[in-house]
Structure formats: structure tokens, C-alpha cells
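Residue 385 in full-length UniProt numbering sits at position 385 of the sequence shown, and the numbers go up by one each step.
No wet-lab data here; the hints were simulated from the structure.
These numbers come from a predicted model, not from an experiment.
Some hints could be false.
Unchecked claim - Here are the simulated DSS-like pairs of lysine-lysine, each with C-alpha atoms no more than 27 angstroms apart in a straight line:
1) 214 to 149
2) 548 to 499
3) 141 to 9
4) 200 to 141
5) 117 to 77
6) 357 to 9
7) 305 to 344
8) 77 to 9
9) 262 to 313
10) 545 to 344
11) 200 to 210
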Amino acid sequence: MFLTFREIKILKSLLTSEFVEIEDIMRYCKISLRTAQDELKILKSAIVDWKLPIKIVNQRGKGYTIDYNSQDIPKIKEIKRYCQEYLNQNINHIFQYHSRVPAICRNLFLNNNIYLKIESLAQLLHVSESTIAKDMPYVRKFLAMYELKIQSTPYNGMRIVGTIIAQRSCMVDLFTVYRSSIVPLVENENLQQYRFSNTKIEEIYNRAKKVVLKHHLLISDDGFIRLVKYLLIISYTPELSNFLTKDLCNLQEYKASESLLKLIDSHQSDQEIVALTLFILSNSETQRFSKDRSVWQQLVPEVDKQIHQLIVKMYQAYDLDLSQNDHFKELIYNFSIKYGLKRKYGLYAIEKLYNHKQIVRKLPSSSALASYIIFYLFEWRESDFFDQIYFDFVISVYIFTCHLENEYYPTNILLVNENGKPANDSLIKKLNINHYQIALDQRYLYELSEVDFDKYDYMLISEGIDLDLRNVSIPLIPFNFFLSNDFTINLWENIFAAKRKIGAVSNYLTNTLIVNLNGGETESLEQIYEYVYHQTNYSRKMNFKKFKRMMEVLIYNAIDNSAGTLKYLNVFTNQLLSNMSILFKFEQEFTINGRTVSGIHIIFLNSSKGLLEIKNGDSELRRHFDN
Numbered sequence: 001m002f003l004t005f006r007e008i009k010i011l012k013s014l015l016t017s018e019f020v021e022i023e024d025i026m027r028y029c030k031i032s033l034r035t036a037q038d039e040l041k042i043l044k045s046a047i048v049d050w051k052l053p054i055k056i057v058n059q060r061g062k063g064y065t066i067d068y069n070s071q072d073i074p075k076i077k078e079i080k081r082y083c084q085e086y087l088n089q090n091i092n093h094i095f096q097y098h099s100r101v102p103a104i105c106r107n108l109f110l111n112n113n114i115y116l117k118i119e120s121l122a123q124l125l126h127v128s129e130s131t132i133a134k135d136m137p138y139v140r141k142f143l144a145m146y147e148l149k150i151q152s153t154p155y156n157g158m159r160i161v162g163t164i165i166a167q168r169s170c171m172v173d174l175f176t177v178y179r180s181s182i183v184p185l186v187e188n189e190n191l192q193q194y195r196f197s198n199t200k201i202e203e204i205y206n207r208a209k210k211v212v213l214k215h216h217l218l219i220s221d222d223g224f225i226r227l228v229k230y231l232l233i234i235s236y237t238p239e240l241s242n243f244l245t246k247d248l249c250n251l252q253e254y255k256a257s258e259s260l261l262k263l264i265d266s267h268q269s270d271q272e273i274v275a276l277t278l279f280i281l282s283n284s285e286t287q288r289f290s291k292d293r294s295v296w297q298q299l300v301p302e303v304d305k306q307i308h309q310l311i312v313k314m315y316q317a318y319d320l321d322l323s324q325n326d327h328f329k330e331l332i333y334n335f336s337i338k339y340g341l342k343r344k345y346g347l348y349a350i351e352k353l354y355n356h357k358q359i360v361r362k363l364p365s366s367s368a369l370a371s372y373i374i375f376y377l378f379e380w381r382e383s384d385f386f387d388q389i390y391f392d393f394v395i396s397v398y399i400f401t402c403h404l405e406n407e408y409y410p411t412n413i414l415l416v417n418e419n420g421k422p423a424n425d426s427l428i429k430k431l432n433i434n435h436y437q438i439a440l441d442q443r444y445l446y447e448l449s450e451v452d453f454d455k456y457d458y459m460l461i462s463e464g465i466d467l468d469l470r471n472v473s474i475p476l477i478p479f480n481f482f483l484s485n486d487f488t489i490n491l492w493e494n495i496f497a498a499k500r501k502i503g504a505v506s507n508y509l510t511n512t513l514i515v516n517l518n519g520g521e522t523e524s525l526e527q528i529y530e531y532v533y534h535q536t537n538y539s540r541k542m543n544f545k546k547f548k549r550m551m552e553v554l555i556y557n558a559i560d561n562s563a564g565t566l567k568y569l570n571v572f573t574n575q576l577l578s579n580m581s582i583l584f585k586f587e588q589e590f591t592i593n594g595r596t597v598s599g600i601h602i603i604f605l606n607s608s609k610g611l612l613e614i615k616n617g618d619s620e621l622r623r624h625f626d627n
């Protein structure tokens, strides 16, 4: 018995929580009481079948919990790792409601030298022809993300058409490898369909690792796993012909590709070496493209012109000067080269770590800037915002802006510590006085009667001091001896953030306009697009159709409030609007990207303030909406 996505999700919840109530399962999985009870029965049965050393127990008044013996803790940890690894594969989230789609795609790829009929697919997957027919729209939609199509011929059947490189990219995404050593709880169909053994995978993994290390390739962890999968599936595809003939032999990636293709003893033509070189580059860290610029100018010569146009357009539309910082300009250049290579040669990567995706959804301002750059830089496709490179770019933007330093207006603080002035050292260290422009005046209690409180903004005082301070005219901030992390976080949120010279993004939320929408999901979203585009003073330099598509992407990737059903996103403006914050409330709740949503909260960013507005937007909004 194999488990479904939802059952793995429930099992992981049980393994990571002391108790889980049935209502939690219903809410977590968006299912009814009856369905939740049925899923628990299936889980209990599977645990028995797999002889796992755990037992699901229902404790009255507390909920469900996992019971196990202490000697089985290592095994329990392994089961938990397996569940986490399974749920961290984004491809499993994509197909959680259409689990046959990957198997259909793989069968079509593996038989792509012939036409396959629906009845043949039905026999292979042990389902009815009508079931396969219902799955085909989802198959076509998924393949379209790689610019692949289904070609159907009467009486013959169907097959996948498109570039060989794009087909390989899709096959790599559909090839899921789990590192956990336990018996799989879900059916790993790709191993059966590709006819790979774990031993073969491990062999290629270890041999490829030696080559990568020998040539000092700057390839990411995810990229290395994709490389291993590419080497495994390449033999199932035709050899390349009429592919790129550029001279890349001076690149380390080219030399590594020669060695890597010898490992599999097939597809060793010059064109295959070039193709693998490009595949490695598309999975390398972005900073790799800081070197060998003459090569990139041969491969994607249009990038320099595109970046120049981007800088001009962003400044004209939003007063945002992307050329002001040479390091950020280089970041855009490196991203553009990698993006151009991937798009030009069909090197897509829709599969990514789900945790990676969740991190990006907590970065509304960096996501907005990355989206604007892509909109103005390329002839983009909707699937670009599902590709790994988009998520990598958002995180790169965030990391860059994190290193930018805010400037602060002075804050005058009066400090009274019941343990004496020497005890202030640890507090002063945590306050980061020089960074936040704090003027600190340390006093004893007996001195307060002589103090002019009007000279100070705040008073920090030991929480244990028993003194009538009602006559103190400035805000009091009590602290304890051990100075918890919450104390310093609260200081930053309530005092220092508001002292930023460029202004705090959280201030935009003090005057939020609420707009109630009518109609269904489509009508409500259309009202949002129209309102933002036409009824505000929003400075724009794109037509409504393009603006609408941009908003669709921003909404899809918007941050979710952990405590509610609202989505939050940033939109750029180059001026101070009467309402920098607009909350659109739906008449009824909808599901957007798997989340129930009751409204969309748009916070405008004043892009004329520069990249610091992006930094502050991410940090302040994430803290605000997580509370």
C-alpha cells in the first residue's frame, strides 16, 4: 500500500507535533471530518503493512499522537526525513491532485520514437481510457511550460514534440530522487519507468561528483542533482543534430562535460558536449557569469542592449536608478546571462525545493523588484515565474539589499539600571549604538529629579525598579537583566525602524483604504487591476494588458499572513499617494495557489527612494504580517 500526497502530509504533521486534533487535519488539508477519519484509517493500515515501528493513538481531549519505543527513535527520524523530503519536492505539490500526469508524460517521453494511443497508456497505468482522456488537458498544460506540445495523429496516437533539450529538461524535472534509505511510503514510479536502480543512481552520483570537484565547477546542490539526473536520462533521447556550434572549449564546464559524457558511454558528439556545457551553466551559481564575458556575448549578444533599455525604462517609469550601484548592476547582468541561456536553448527547471518557494513568498518587496526587472528586460512567459531561476533571482535581490545600510535620525535614550552602570555593558552591546545613532545617557535613580526629560525620546529602566514614575513625561521601556531576543526585536520594530531617514515602509499601513469587491473570483481580480491601474495616481509605463499579467504573477507569489486569509504584495510608484496601502476585500473567499484568500492587501513602495525601500519593505512587512 502506497500513500498519497495528503496522507504523507498528515503523517508528517503527526511526526512533528506532540498532538494533532482532527480539526487541525481538516483545516490543514482542507477536507471534511469524514475524509480526515478515512485518511487516518488508511495511515494506520499502511503503518501495519510496512511494519513501521510507530502507532497512531487518539488520546481523549488531546488529539492524535504517534506512539513508539525509545529504541526506535533513529527509525522515526528517518521516516520524518522521508516525509519532509517528499513534501519538499515542488513537483509533488504540482501534481497532488493529478498524480497520473507525471507517469503519462514519462511514458510518452520513453516511447517518443513511436505514437502512443490512449488505450496503450490506459493499459500501462491500469486505468480506463476515459480517465486518461480527463488527464490529458493537465498533461498539455504542464508540457507547455517547457514549450512542448502533444502531436496527435488520427489512428496512430500521440507523441511529444519540441526541442530535444526542452524534452530532457522536462524529463529531469519528472525524475524524482529520494535520498532517504527507508522503504518508500509512496510509489516511486520514475525508477520503474526509467528502469533505474538506486545503485546505478549512486554510482553516477559519486563519479560525477569527482568530475565536478576536479574542475572546480560553481554548481549548486540542486544543480548537481539535476546534472546527475540529466546524465541518467540522456540515453532515452535522440542525439542532438543541428545544435549550437559555438566554441566553448576553453570553459571549465566544457572540459568537465567531456569527462561526464564518458561516464555514460553515449551521446559524446561535439554538440552533445556543448549541450551539457550549457546545462551545467544553467544550473551554476549566478556569480559564475562574472567571468568569461566574451563567451556570453557570443551566446546571448542581445543582453547588453536589454540591460541598457531596462535601466532607462525603470528610471523613466519609477525614478529607480538600477545603475547607481555597480554591484547590483552586475547582479542583473549575471542573472540576465543565465536567464538568456536558459530561454534561448530550452534549459527549463520547473522543479525546485518547495521550501525555497516558501522563502520567496516571504519576500514581497524583492519579489516585486525581480518581477518588474523581468517584465522590462525580456519577452517573458508566464512559466518563467515558475522556473527555478526566478526564485534564485528573488533571493539574490534580497541578499544584496540586506547588505545595504540604512541611515537613522538620532534617538536620545535615558538609561536607568537597578544593577548599576557596569551592568549596562551587555545592554549597550545589544542596542548597537553607533549603527542606530543612539545618544545614551546613563543615570542613577537618585539623579532623576535633576533630569530634564524633554531632552530625551525614551527611558529604558529595569523592570524590577519600584518607583512612582507617573510624572516622567517620556515613554518608558522596561527591560530585565537577561535581555531576551524579543526585547531587542521590539526595540527595532517600535523605535529604530521609525527613525530611518528614508522613512519606514510600515508607516504606509497607518492609512489603509478598504475597498469592498463584488462578484466571483475573476470579477474581483479584474476590479483590483482596474482600480490600481486607473483610479490611483500610480505612475505607469506599461499597457493595461501587460500590467494585468504582472499583477497576476505578483498575486500568485504574494506573502500569506500566517494568522489569516489575506495575501500581501508590493506595487511600485514614484510618488507619495494619498493611500499607500489598499485592502481589497472579497465578497466570498477564493482559493489562490492552494490557499484560501479573503482579500488582497496592496502596499505601494516609493521606488524613488532606491533599493533601501526594497530592503525595508521585506523586513518590515514580513514582521508586520507574521504577528
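*Is residue 214 close enough to residue 149, meaning Cα to Cα at most 27 angstroms?*
39 angstroms, violated
*Take a quick look at whether residue 305 and residue 344 sit within 27 angstroms of each other, Cα to Cα.*
With Cα atoms ~16 angstroms apart, residue 305 and residue 344 stay inside 27 angstroms; holds.
*Is residue 77 close enough to residue 9, meaning Cα to Cα at most 27 angstroms?*
16 angstroms, holds
_Distance restraint between residue 357 and residue 9, which requires alpha-carbon spacing of 27 angstroms or less_ = 17 angstroms, holds
*Compare the distance between the alpha carbons of residue 200 and residue 210 with 27 angstroms, and conclude whether the hinted pair is satisfied.*
16 angstroms, holds
_Please verify whether residue 141 and residue 9 have alpha carbons no more than 27 angstroms apart._
25 angstroms, holds
*Given the hint that residue 262 pairs with residue 313, does the C-alpha gap stay at or below 27 angstroms?*
47 angstroms, violated
*Quickly compare the C-alpha distance for residue 117 and residue 77 to 27 angstroms and report which way the hint goes.*
Roughly 44 angstroms between the alpha carbons, so the hint for residue 117 and residue 77 is violated.
*Is it true that the CA of residue 545 sits at most 27 angstroms from the CA of residue 344?*
Status holds; Cα separation ~25 angstroms.
*CA of residue 200 to CA of residue 141, is that 27 angstroms or under?*
32 angstroms, violated
*Sort out whether residue 499 lies within 27 angstroms of residue 548, counting only the CA atoms.*
36 angstroms, violated
When each numbered hint is compared with the structure, violations occur for hints 1, 2, 4, 5, 9.
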